[in-house]
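**Student:** Same order as they appear, the protein sequences are chains A and B.
So for the first sequence, our numbering puts the first residue at 1; every next one is plus one.
So for the second sequence, our numbering puts the first residue at 1001; every next one is plus one.
The hints are simulated quantities; they were obtained by calculation from the structure and are not laboratory data.
For glycine and all other residues, C-beta sits at the position ideal for the given N, C-alpha and C.
Hints may contain errors.
Unchecked claim - What follows is a list of derived Cβ distance ranges for each label pair:
1) B/P1160 with A/V54: 49 to 57 Å
2) A/E59 with B/I1112: 30 to 38 Å
3) B/A1276 with A/G26: 29 to 37 Å
4) B/A1221 with A/Q5: 55 to 63 Å
5) B/V1100 with A/T4: 48 to 56 Å
6) A/E48 with B/A1068: 21 to 29 Å
7) B/R1073 with A/S25: 35 to 43 Å
8) B/G1070 with A/E59: 42 to 50 Å
9) A/Q5 with B/G1105: 48 to 56 Å
10) A/V54 with B/V1204: 45 to 53 Å
11) A/S23 with B/D1234: 12 to 20 Å
12) B/V1100 with A/G26: 33 to 41 Å
Spelled out, the chains give:
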Amino acid sequence: MRVTQITLDQARAAKRRVIELLSGSGQVVGIGITRVDGTYAVKVNLGEALPGDVRVPAEIDGVRVRIEVVGTIRRR
Amino acid sequence: MRLESAINLKRQLLEDLITPIAAAARFPITAASARDLREVTGGVPAGTLFGVAARSFQTLPKVQRSLAVGIARGKDKEYRLAIRVQRQALLNSDMVQSMVKKAKGEADVRLIGRVDKRTRRRPPRRAGITRAKKTRRAPVASRARTLAAGVPWFELQQRPLLIGVSIGHVDVTAGTLGAFVSHDGQVCILSNNHVLANEDRAAVGDAIVQPGTLDGGSIAADKVAEFLTAVALDATGANLVDAALATLDSGIGHDTARLREIAASTDGVLAGASGAEIDEGATVFKIGRTTGATKGRVTAFNLDNVIVNYDMGNLRFDDQVEIEGVGDVAFSDGGDSGSLIVNEEMAAIALLFAGTDFGGSNGLGLTYANPLHRVLDDLNATLLF
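The shape of chain A in the complex, shown without the other chains (with noise of 0.2 Å):
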């Protein structure tokens, strides 16, 4: 069970981790804020799965990230 409470600046600065690490892949179509489990945490979506050899860890700096495959965004 998690306790740790993340603050939404520890979140922010986890998400310009999550930027500079999956910069130049493709597959991003958006990196947020979210929460997971009641706290903040680092959401990222893909338009398709990331390749196999491309890992995203499941924390950073004690932050969880999400990962969604979310498709193509379209204007509507």
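Since the structure of chain A is already known, use the hints to place chain B on it.
**Tutor:** Using the frame of chain A, we list chain B on its own:
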């Protein structure tokens, strides 16, 4: 069922249902053809069925997604009817249910959504504006059921103008009227650039029609505003908003605060722009041209590097808000662009502009929106309410 029965049923359904829909769905849809479509589809409103994005008619595909039918293997040596649904709105429709009934329940129904060619996209063309050619309407299936289902209010002409109604640049299919704002002492309509400015292609003074052209709007009968200004879309750098203003024509009535049937079919009153930070988990509402009033939940914020597909190519947006539909509905669909998103206090928080067909906890897609304070700042506008 036996293979022969499955083949015969498939052929019959193609002739009776699928072909008439495909034929009737040629654009531009008029109010009359929308009614005909409704008869063919068994009451699915054309606006829901054809939740096409607010986009230039010039680039609109001539054939719209609906259903595919085929044969699937059943148990043992039996066969079943395979129904592949390409639009969320059709999944639980009377039409699909009647197909399942005709197959006596021996049907395999799956939502497959959009099927893309697996090749690289051609670079987008940037051509001058030409009006979409009128196409002849095909006859409707003789056995089509007659239905009394009415066109929803947000797809019809509304005077006074209301938040949430169909609107658009005359060369654009249809989007949504987001809100009324004050800009340089004038009352303006707020929506997306791709709704009011046709992705940077509009000239100042171009006609804005309500309802939008896709819903039968014409300059002669439905012009309500003129394109004024837009935040230009940046094809190389990071965008923050997809937003534009149109000056309201004099004498056009408008209700700046009414949020018709926004929550639990009850009207709300716009409470201005929210001053609070957007946070995950917040309950939100919107009224849009295609899906009407829907309830959603913020799933992420401060989203950077959001890559969105436009006529002009893939554009990048930073600092965006992500929303999913609450319950068994998507928060938005094509045509809802420009919708104003409000919180539980009916204070405006964001301007809807993009979405996906899949994703979110209900699997029905995610919606993306620009924070409203940024939209208003960049357009030097104040929200009226």
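**Student:** For a quick check of understanding: which of the numbered hints are violated here, in increasing order?
**Tutor:** Structure breaks no hint.
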